[in-house]
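Protein chains: 2
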Amino acid sequence: MRDVVIIGIGQTPVGEHWEKSLRHLAYGAIRAAMLDAGIEVVDALYVGNMLSGQLAGQEHLGALIADFAGLRGIEAMKVEAACGSGAAALRVGTMAVASGMHEVVLACGVEKMTDTSGDVTTSALATAADQEYEVSQGISFVGLNALLMRRYMYEYGVSHKAFAGFTVNAHRNGANNPNAMFQNPVSESSYLRAGMICDPINLMDSSPVCDGAACVVLAPADRFRGRAKALVLASAVATDSVAIHDRRDPLSLDAVAISSQKAYAEARVMPGDIHLFEVHDAFSIMSALSLEAAGFAARGTGVRMAEEGEIAIGGRLPISTMGGLKARGHPVGATGVYQVVEVVQQLTGSAGANQVKGATLGMAQNIGGSGATVITHILGAV
Amino acid sequence: MRDVVIIGIGQTPVGEHWEKSLRHLAYGAIRAAMLDAGIEVVDALYVGNMLSGQLAGQEHLGALIADFAGLRGIEAMKVEAACGSGAAALRVGTMAVASGMHEVVLACGVEKMTDTSGDVTTSALATAADQEYEVSQGISFVGLNALLMRRYMYEYGVSHKAFAGFTVNAHRNGANNPNAMFQNPVSESSYLRAGMICDPINLMDSSPVCDGAACVVLAPADRFRGRAKALVLASAVATDSVAIHDRRDPLSLDAVAISSQKAYAEARVMPGDIHLFEVHDAFSIMSALSLEAAGFAARGTGVRMAEEGEIAIGGRLPISTMGGLKARGHPVGATGVYQVVEVVQQLTGSAGANQVKGATLGMAQNIGGSGATVITHILGAV
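Protein chains in written order, with the working numbering: chain A, 1 to 382; chain B, 383 to 764.
Hints should not be assumed to be uniformly reliable.
To be verified - To give a feel for the contact side, a few chain A residues facing chain B, derived at Cβ under 7 Å:
hint : residue
1    : MET77
2    : ALA81
3    : GLY100
4    : LEU231
5    : LEU233
6    : SER241
7    : VAL242
8    : HIS245
9    : ILE258
10   : GLY368
11   : ALA372
Said to hold, decoys possible - Covered stretches of chain B (chain A as the covering partner; in silico rule of three or more C-beta atoms under 8 Å from a C-beta of chain A):
hint : region
12   : 474 to 486
13   : 509 to 520
14   : 636 to 648
Derived by calculation from the structure, the hints in this document are not laboratory data. Being a predicted model, the structure only gives us computed values, none of them experimental. From the three backbone atoms N, C-alpha and C, an ideal C-beta is built for every residue, glycine too.
Build the full structure now, drawing on both the sequences and the hints.
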């Protein structure tokens, strides 16, 4: 098995791209990544996307985007794992290079969630949950997360205010990221005053509906070490029951634990070695649960890392360093690739005002459903 | 890169499974394949599926099916390449084993197309075509194939009757396959009398809307050679423009040519060495075009192989040996895995009345869209 490195990154700004279709968004990220890598040809393209069939009436994104990006003829396919689709595409790209089947491949995540009515998007997002056991009962995806947050508050006796630090941190970092959807800082009082979406989740607990695309260029370390921007030290996937009621313990994200432990073992590191963590903060409750299951905080204490400022740039474990899903935005099938692009920015000292000093080891964790698919990548500086 | 072998196969009958949901269908195929392989645990599951988001309101099939199959926790994700999704999942599974990242993995194709209204299925299938340049003009997927068939008849001066041999052959073989949707032989006169769907494509030129699941178990040759049922000698993907108008020549399936040539090179064989060919006969025109582009017939002469009986069991190149997409059925995201399961049946002498005598080299080719994604696998007998 060959070691894999990242030799180029690209991203479009996250936002409402009314004037751009899926293929235009993907092209922007692909072209930027190929220019960054200094390459003109690639062997394969793996596209992470969740919603295009439902929202754009377009499946078959592999061939469609390969052709539009000027790469007609190459191997191409789409990979889907709900909101974890981006990292799933990266996972497949890593296998393609590690196996020796390909030399230089692209992993591109793309999603276009606007340009449709809100209820359509809400229904489409609910396909990440279990249709027959959850959605058919009338619950939405935010509703499922609200149940988890309520249970967390009840079981550990924490207030809604305890989660404020996640949002404040994400927006503070997003304010310095020119590609973030929200570049405005948010105060704790603004967080508390935000409109309720699904009690206890309010607007400021929720990542936005948005469009965007991100791309990385993967290549074998043996031939491309001199051009590497980061080393892929671990790539690990784990799953759990999609339906939350069917889990051993709804507040224990077992797939996060398994995926993280596999990744630590593969990279031969401990949680304490990680310099920054791009967490899947689709809702603030997911940040708390992920920090706990990944081994950064004891059970029931994930919120304390936010309350005590440990997650800030300069803190014990900076998270959502470029704004996270909350402020950079969460174009669902693209998010996993954005996270990895941002880790590469940190490891190459290109994170601007959000730079984590001396960062040489970064982790990105992309989640599909409410913890049902968890994909962890650990990257190392060159 | 490690060599990969198939150690187990499973399939459900193809048909209208009104009483079974997606997860039940997949479970049936997975369980059969694991029993066939004599294994109780696997490392990963790659699911090929195209339509579940649109037809069942269910994405996230990787985690969903892994859990339902009793495999909670393992790596799982969905792979999509329109009607080529099944072979795409097999392709990813092959990379997972070849890379050394996993030992024993499942590639499962599953599709449920019934249990909804026909116009919904027709619209969903059209997401394999280019929404912005083709479908938005009002054409359906069968309509695109009808344009290709009309052009073929015009350019080469062949009649509709010239295609009859493909359907007659498929139904003759399907009649001996207990898993086939259609187990009735069809005569040339029945073919000619069939109702018109989209001129010149009639009912007997078309594969059916149906449900089904198929699964293979993949493992490394070095550890599992003694339990191998077939060797994966080649796995190759190529793409073309999704929109047909944008191709160099609509009657030349360039991606079939590239994918086939890559596969022949990888397996170190010539087209003449292949003993049987599971062709993507979604429409009879696709059989003719595929035989030509894959190097089995000269341009414009693919139909002659049907007219002259060369495609029958015992002929020069038996195709659709268990009924093909036309008679076994075409549950779109599952088809690519069914094809490979059937090649394994042939290579292990388990094809019953349809056995190709002395078959040691079989090829399966799964196509997404009208030739936009083409995935070729060549398998060898142990």
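Outcome of the hint check:
no., hint, verdict
1, MET77, "holds (4 Å)"
2, ALA81, "holds (4 Å)"
3, GLY100, "holds (4 Å)"
4, LEU231, "violated (16 Å)"
5, LEU233, "violated (14 Å)"
6, SER241, "holds (5 Å)"
7, VAL242, "holds (5 Å)"
8, HIS245, "violated (12 Å)"
9, ILE258, "holds (6 Å)"
10, GLY368, "holds (6 Å)"
11, ALA372, "holds (4 Å)"
12, 474 to 486, "holds (count 7)"
13, 509 to 520, "holds (count 7)"
14, 636 to 648, "holds (count 3)"
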